[in-house]
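Colleague: The listed protein sequences derive, respectively, from chains G and A. Quick note, the first sequence lines up with residues 263 to 492 if you use the working numbering. Quick note, the second sequence lines up with residues 263 to 492 if you use the working numbering.
Treat the hints as calculated values from the structure; they're not laboratory data. Careful, some of the hints might be misleading.
The following label-pair restraints were derived from C-beta to C-beta distances [to be verified]:
{"#": "1", "chain 1": "G", "residue 1": "L481", "chain 2": "A", "residue 2": "Q435", "range": "25 to 33 Å"}
{"#": "2", "chain 1": "A", "residue 1": "R492", "chain 2": "G", "residue 2": "E436", "range": "49 to 57 Å"}
{"#": "3", "chain 1": "A", "residue 1": "K304", "chain 2": "G", "residue 2": "N345", "range": "26 to 34 Å"}
{"#": "4", "chain 1": "G", "residue 1": "E436", "chain 2": "A", "residue 2": "A318", "range": "47 to 55 Å"}
{"#": "5", "chain 1": "A", "residue 1": "N319", "chain 2": "G", "residue 2": "A397", "range": "34 to 42 Å"}
{"#": "6", "chain 1": "G", "residue 1": "Y307", "chain 2": "A", "residue 2": "G321", "range": "54 to 62 Å"}
{"#": "7", "chain 1": "G", "residue 1": "A397", "chain 2": "A", "residue 2": "E453", "range": "40 to 48 Å"}
{"#": "8", "chain 1": "G", "residue 1": "E335", "chain 2": "A", "residue 2": "A303", "range": "56 to 64 Å"}
{"#": "9", "chain 1": "A", "residue 1": "A397", "chain 2": "G", "residue 2": "M376", "range": "21 to 29 Å"}
{"#": "10", "chain 1": "G", "residue 1": "P382", "chain 2": "A", "residue 2": "P310", "range": "42 to 50 Å"}
{"#": "11", "chain 1": "G", "residue 1": "S302", "chain 2": "A", "residue 2": "D434", "range": "45 to 53 Å"}
{"#": "12", "chain 1": "G", "residue 1": "E283", "chain 2": "A", "residue 2": "A397", "range": "24 to 32 Å"}
Below, in silico cross-link-like pairs of lysine-lysine (DSS-like), each with a Cα-Cα straight-line distance of 25 Å or less [claimed, not checked]:
{"#": "13", "chain 1": "G", "residue 1": "K396", "chain 2": "G", "residue 2": "K451"}
{"#": "14", "chain 1": "G", "residue 1": "K280", "chain 2": "G", "residue 2": "K264"}
{"#": "15", "chain 1": "G", "residue 1": "K396", "chain 2": "A", "residue 2": "K374"}
{"#": "16", "chain 1": "A", "residue 1": "K442", "chain 2": "G", "residue 2": "K374"}
{"#": "17", "chain 1": "G", "residue 1": "K298", "chain 2": "G", "residue 2": "K264"}
{"#": "18", "chain 1": "G", "residue 1": "K351", "chain 2": "G", "residue 2": "K317"}
Covered stretches of chain G (in silico footprint by chain A; criterion: 3 or more residues with CB under 8 Å from a CB of chain A, positions within the stretch not fixed) [stated by the list, open to error]:
{"#": "19", "region": "342-348"}
{"#": "20", "region": "394-404"}
{"#": "21", "region": "415-425"}
{"#": "22", "region": "451-461"}
{"#": "23", "region": "483-492"}
Every residue gets a Cβ at the ideal spot worked out from N, C-alpha and C, and that includes glycine.
There are 2 protein chains.
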Amino acid sequence: MKISIIGTGTVGRTLASKFLELGHEVFMGTRNVKEKLASSAKDSYGNPSFSEWYKANPGINLKTFEEAALQGEIVINATHGENSVAALKLAGAKNLSGKILIDLTNALDFSKGMPPSLLPGLNNTNSLGEEIQKAFPGAKVVKTLNTMWCGLMVNPGMIGGGNHINFLSGNDQESKNRVKKLLNQLGWKDENLIDLGDITGARAAEAALLLWVRLNGALNTGAFNFRIVR
Amino acid sequence: MKISIIGTGTVGRTLASKFLELGHEVFMGTRNVKEKLASSAKDSYGNPSFSEWYKANPGINLKTFEEAALQGEIVINATHGENSVAALKLAGAKNLSGKILIDLTNALDFSKGMPPSLLPGLNNTNSLGEEIQKAFPGAKVVKTLNTMWCGLMVNPGMIGGGNHINFLSGNDQESKNRVKKLLNQLGWKDENLIDLGDITGARAAEAALLLWVRLNGALNTGAFNFRIVR
């Protein structure tokens, strides 16, 4: 399948490598391809520059936001939450229309100190997932994978035999079913995929981040997730 | 120990019965004792009236908010979130000062439809736990037990061998340690009690409710909780 990832940060890279390994055709979208490949600066977490990573992962196609979105049968939003709607507008509503748009981003607000909160207006009674669905009514937005460290997104078996949970929210049931199949390829078992209903379920999945960031501090690791006991 | 519960709803009753069974001296606070005992109306969930329950649970002492708070060595807030600060003001700051004040309440807002959200101003960058600590600076507020159905609060062993989690947040470490001992009496094992730090951790524990209410719908049961996998 042709999978396009909007955003070139750690999350986008982690997914891109994995989808390539699984045999998919992978596109990544960035604002300016030339600039992105010219920069050799490490990111703020000390990760290698994109160009260095890109050379080490041959087969991934770096494109503009627009070209990447045009190519993808499924598009994944892996931009920063505060920039997501703007980046997706550059990708172009017409290139997203009729497609599954997986949103795995959190609208984190670092401006009020650590740990981060959620951006004003994108929490409690609203969510980034809903905001994206409203901005791109032709896209079939599915919120998923946003409640964990990216290493677990593509390798749930890393902890607890893969028996921990991932949520899906979206208005289109068939799209959620297709995303489940893609998640299965990443190692997610159906019994650990919890459907939270329509896209307003993103309010719950995004609220989980407020707990995640505190647990990240309390447990001193990002390699954790939740299991439901009942 | 003398334990005072402010509020006479299902959560308060569940805790009161259990603490009595454990041998504690239990007080419950209400606005008007005479009225509370005179009413025979079932609550909106079809539970028996307080007076009926009270007769069936001899040994519990119903008092005014103020008298109950005065008696307690530990005071528990089990009122509705929107009324908590007002009810605790009636209990009296001087009767709470120097004492552990366990807050297990959620600031649920049902005014915007179901599932509920959190009250404006009491979410994301604030919480009911913090609001109570600010209103009663002399009290040692410990937020705990708010992330689950009350049946599990007093009987964690009901599911998963009791191996699921409960959070504690509060500014005073000694108070959190004392609350942990009380939780141990309810069946909570130390390894399942997660300290989220100071009272701002209540933002995380209260945000968990947004997820809880959706899972309650998706799983069709309230008898569930989270376990950490790592």
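Colleague: Determine for every hint whether it applies to the structure shown.
Modeller: Tested hints:
Checked against the hint of 25 to 33 Å, the pair L481/G and Q435/A fails, with Cβ atoms roughly 18 Å apart. Our hint of 49 to 57 Å for R492/A and E436/G is violated, since their Cβ atoms are close to 34 Å apart. Between K304/A and N345/G the beta carbons are some 52 Å apart, a value that contradicts the proposed interval 26 to 34 Å. A beta carbon spacing of about 52 Å between E436/G and A318/A agrees with the range 47 to 55 Å that was offered as a hint.
Hint check: N319/A to A397/G, Cβ distance near 55 Å, so the stated range 34 to 42 Å is violated. Judged by the Cβ atoms, the range 54 to 62 Å given for Y307/G and G321/A holds: they are separated by roughly 58 Å. Roughly 44 Å separates the CB atoms of A397/G and E453/A, a value that falls within the hinted 40 to 48 Å. For the pair E335/G and A303/A, the supplied restraint of 56 to 64 Å holds, since their beta-carbon distance comes to about 59 Å.
Evaluation of the 21 to 29 Å hint for A397/A and M376/G yields a pass: the beta carbon distance comes to about 26 Å. In this structure the hint that P382/G and P310/A lie 42 to 50 Å apart at CB holds, the actual value being about 44 Å. For the hinted restraint 45 to 53 Å between S302/G and D434/A, the CB-CB distance of approximately 50 Å keeps it satisfied. Roughly 55 Å separates the CB atoms of E283/G and A397/A, a value that falls outside the hinted 24 to 32 Å.
In summary, the hint linking K396/G to K451/G is not supported, as the alpha carbons are separated by about 30 Å, beyond the 25 Å threshold. Taken as a hint, the K280/G and K264/G pair is honoured in the structure, with Cα atoms around 13 Å apart against an allowance of 25 Å. A C-alpha spacing of about 19 Å is found between K396/G and K374/A, which places the hinted pair at or below 25 Å, so the restraint holds. For the given pair, K442/A sits about 31 Å from K374/G by alpha-carbon distance, which is inconsistent with the 25 Å threshold.
With a C-alpha separation of about 22 Å, the suggested pair K298/G and K264/G falls inside the 25 Å cut-off, and the hint holds. For the proposed pair K351/G and K317/G, the alpha carbon gap of about 28 Å is over 25 Å, so the pair is violated. Figure legend: the region 342-348 of chain G, annotated as covered by chain A; annotation inconsistent (0 residues with Cβ-Cβ distances under 8 Å, at least 3 required). By the rule of at least three residues with a Cβ nearer than 8 Å to a Cβ of chain A, the coverage given for the region 394-404 of chain G is violated, with 0 such residues.
Residues of the region 415-425 of chain G with a Cβ under 8 Å from some Cβ of chain A number 3, which satisfies the need for three, so the listed coverage holds. Counting residues of the region 451-461 of chain G whose beta carbon lies closer than 8 Å to any beta carbon of chain A gives 4, which meets the minimum of three for the stated coverage. Coverage of a stretch by a chain is defined here by at least three residues with a beta carbon nearer than 8 Å to that chain's beta carbons; for the region 483-492 of chain G and chain A the count is 9, and the condition holds.
When the structure is compared with the earlier hints, violations turn up for hints 1, 2, 3, 5, 12, 13, 16, 18, 19, 20 and for no others.
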